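Going down the list, the sequences are from chains A and B. Heads up, the working numbering is the position in the first sequence plus 1, with the first residue counted as 1. Heads up, the working numbering is the position in the second sequence plus 1, with the first residue counted as 1.
Rather than coming from a laboratory, the hints here were simulated on the basis of the structure. Predicted, not measured: the structure shown is a model, and the values here were computed from it.
Cross-link-like lysine-lysine pairs, in silico, BS3-like; alpha carbons within 27 angstroms at most: (1) A:76 - A:203; (2) B:3 - A:13; (3) A:76 - A:191; (4) B:3 - B:131; (5) A:191 - B:76; (6) B:203 - B:191; (7) B:131 - A:76; (8) B:76 - B:13; (9) A:191 - B:191; (10) A:131 - A:203; (11) B:13 - A:3; (12) A:182 - B:76; (13) B:131 - B:120; (14) B:15 - B:3; (15) A:76 - B:76; (16) A:76 - B:182; (17) A:76 - B:191; (18) A:131 - B:76; (19) B:203 - B:131; (20) B:131 - B:205; (21) A:120 - A:205.
Number of protein chains: 2
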Amino acid sequence: MKLSEKAYQLIKEKIITLELRPLSVINERELMEELGLGRTPIREALYKLAHEDLVIIVPRRGMFVADISITDLLKLFELRVVLEGFCARLAAERRTEEQLAEADALLNELRNVSGDDYKALMDIDERLHKLMYEMSDNEFLIDILNRLYDHSLRLWYLTLDRLGNVRSSIEEHIGVMEAIKAGDGETAEKLIQQHIIEFQQKIKDAI
Amino acid sequence: MKLSEKAYQLIKEKIITLELRPLSVINERELMEELGLGRTPIREALYKLAHEDLVIIVPRRGMFVADISITDLLKLFELRVVLEGFCARLAAERRTEEQLAEADALLNELRNVSGDDYKALMDIDERLHKLMYEMSDNEFLIDILNRLYDHSLRLWYLTLDRLGNVRSSIEEHIGVMEAIKAGDGETAEKLIQQHIIEFQQKIKDAI
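Could you build the full structure based on these sequences and the hints that come with them?
Structure representation (structure tokens):
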């Protein structure tokens, strides 16, 4: 992996998990020491994150972690409802046998995760969404949905301790994947949209 | 404007209009001389363009203008159909009086453009689309659609001399804006989708 890609992944993780809090100042030197990377890869990573609206660059003032606003939340989810729905429809047409096998493996993993292991549950949710994105076989869409998912994940971390039981939400992926497997794009679309809307409601209730 | 933003706009223009041909090598030094800008803003601009898939960075080999593939064209348009449709629906709900006045001015401008002035027609098409994006009042969506539009514009430049009459296509925006003005999201969605599909067909026929 390129060093800037490594820096990007590590810093993004810190921002999404709120280890780097919204609005906090980003200290390049600290990141260089902590991640053991040079100035160039760190800076490239920060530019990329700025481009994804996770970092704000203020000329002559420095860099900050982007804030999370309620307005953003609503705009993010209204868009995800449409795009994840469209993605599910494409997935039902284009998924490969290999991808379906991967989905089965993930859903099996889900059955064995304890209901209070939030981190593991969220990890499976992420892998299920991202697998569905890949199934769409549309790189433009995959790229957009991956980014929007990262933003949503950050909101999830913000409300983590107040979300309550998320296991049942994540189990909704079982129905989505069954519909995709059956080639039933309409049902897959409806179910993933319900999943996004319900999850958004959980986050709104927890804020 | 920041220097890197200026470099970004100028280089993007060169790529979209095919002055920089697909797959050609990008020469940083030449760009620095031609644009009268330093290495840092040029490099920042190129990273941003790489992030938007208009430039390809190959470690230890250099930078290239991204290729244009037929597969990309199909994937780009299938996504734009969905997103522009969704955008039109939001626009019908959220547009401001000021934006509607701007739309009227643009449509008046369109009436006075000669049918064989492709450059002026395309410029109005771009401003009409981008105005509709702004009307959606969803920054995530605006950002995505602006990028997808740029990619489409590059395809249009590729087929420019074989597209035939595009005036009637662009006049389809009149109906879209009327529906948006009337708050009729369903009609606006249907009309903008027809516009995208028809334009895609023109480009496919011309390739």
